[in-house]
Amino acid sequence: MEILVCVKRVPDTAENEFELNSDGNDLDRDDLVYSVNEWDNYAVEEAIQIVDKVGGSVTVTTVGDDESEEVLRREMAMGANNGVLLCDDAFEGSDGKGIASILKAEAEKGNYDLILTGAQADEGAAQVGGMLAAMMDVPYASLVNKIDVIDDKKLKIGREIEGGNQEMSEIELPCVLSIQTGINEPRYVGIRGIRKVAKLEIPVKGASDLGIDADSVGSSGAKVKRVDYFVPDLGEGAEILEGSTDEIIEQLIERLKAKGGL
Amino acid sequence: MTEIFAYIPYKNGIPDDIAGEFIVAAEKIESGASVTAIVTGSGTDLDKVAESLTSIYKEVIKIDNEVLSYPNAEVIRKVLCNIVPKDSILLAANDTLGMDMAPGLSIKMDAAFAADIVDFEGTDGTNLNLVRQELGGAVSTHVTCDISTGAVITIRPGAFALGEDTQNAAGGSVTDKSEDAGDLSAKRHFLEIVEAEAGDVDITKSDVLVSVGRGIEEEENIEIAEELAEAMGAVVSCSRPIVDAKWLEKSRQVGTSGQTVKPKVYMAMGISGSFQHLGGLKGNPFIVAVNKNPKAPIFQVADVGIIEDILEFMPELTEKIKEL
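Chains as they are written, first to last, in the working numbering: chain A, 1 to 262; chain B, 1 to 324.
Source of the hints: derived by calculation from the structure; they are not laboratory data. Worth double-checking, as some hints may not be accurate.
Simulated restraints on C-beta separations [said to hold, decoys possible]: (1) B/Thr44 - A/Glu242: 17 to 27 Å; (2) B/Glu179 - A/Ser219: 53 to 63 Å; (3) B/Glu316 - A/Glu185: 29 to 39 Å; (4) A/Gly163 - B/Thr126: 34 to 44 Å; (5) B/Ile193 - A/Asp65: 50 to 60 Å.
Note that beta-carbon positions come from the ideal geometry of N, C-alpha and C, so glycine has one too.
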């Protein structure tokens, strides 16, 4: 099975405290720690496990700048066979539809049976997989937490739905699936693994290589645009207990007793 | 004036709470806008939903077909493409069905797509001003959405609180447009629902929960939370990353994709507080948040906040409680 996995380099929510810049209209990006989008690691692991079972190859791709190459290399260290970086100034400022159309151009250059994305990324819109499928006119399922290959024509899949229940379906290939965390346990990648793939060539493709009209993507093609970032004022928030740890514990125990916690 | 439609999710013949929230959202998009509800399904369940929606919607469109008896996003998308006029706004829920259906629908309708909207801040006729969140709720963003060729917009469940004026009797009517549904074939076929497994402990029955998140750092540290829970007569629950890492069973997870709990006291230990997690927390519990990151969103909803490392704080708290 030929599998394409779309990944993204994102600010790591576990490693950063997000602050606004001095103008207050963007994140302070100076010291942000970036990594591969958490959901994407599960998607790549799933692709590798499928290929281990039924044969084929895994290609990882991303729309991003030069620095995004590092996330492709990391996924290749996990076991993806090929990487392709989709990079062009014209791609900057793309909305979800723009990203999906860039990925579509690359996807159609291959002969993929299955395309995987993470269920969502840093912006939390969970949109690119569903858009890509609709553009390619292939079936789609989101929040997938189980994949069984039935044959080369169809898969049996599970979707995570409300209340921890799982919705089982059969889906025809080719298709696009967005992968939910917890579907597998992504393998650990050490420094040695990264070093092994350090010299592999990762082709870079721009708008003209992909046959994309530069005006249809990027900020010129975007219908949805971020204006600024802000931290909402949600009223008072929590009463922050202060003092030494002993003093804090004393105050906390008092409140827990009053509220039925002890 | 822009036409607004709302796709209504439901269960067992009862519309989801978001049915009323769409009306609040539409009023914020354009004051006085008319909103038409669309509901799909089959048989008496569908009729019950459509009928009950007439109390809050003036116009309700129902699409009745046996194929729609289970909500298959691929089929619903095709129906909506045939029913919703071009250039109008379609509202859907940012729930697991909406996430499955809406992004692709926007492509097929050649409309803009905006996901998981928490507020609307008016329109100049071409651009709609929206508010959403990024990075797991750590920051909010203002976004503009060009609605000149229509838009598909999903709203966050619970973000648009119902006011009294949305409860008035609309005295609406139901229009049956089943004939206009068009081609209902699909390349994805529903098989069955596998119910979540019951765990060793039922967290929904406990008045006090000691709930752990990423801040627990390692599997061995779960024990620290268990000791605190034991001292408090509480039960240990958790947020999603702990289940993904397989450190606790799925049945211990609080959140929209896990359990809905109604404790009296909720101890959020090293939990950042994503909306998916908070979506599982009902009944207005007293929330204590301990997190070493003072910017964690959990501090905006907690009653009491403590900025400390849970791995150091929990053992000390356990000791003090034992001494009581």
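A quick look at each hint next to the structure:
The given range of 17 to 27 Å is broken by threonine 44 of chain B and glutamate 242 of chain A, whose C-beta atoms sit roughly 59 Å from each other. Distance hint check for glutamate 179 of chain B and serine 219 of chain A: the Cβ-Cβ separation is about 43 Å, which falls outside the suggested range of 53 to 63 Å. At about 33 Å, the CB distance of glutamate 316 of chain B to glutamate 185 of chain A agrees with the hint of 29 to 39 Å. The beta-carbon spacing between glycine 163 of chain A and threonine 126 of chain B, approximately 40 Å, falls within the hinted interval of 34 to 44 Å.
Evaluation of the 50 to 60 Å hint for isoleucine 193 of chain B and aspartate 65 of chain A yields a failure: the beta carbon distance comes to about 43 Å.
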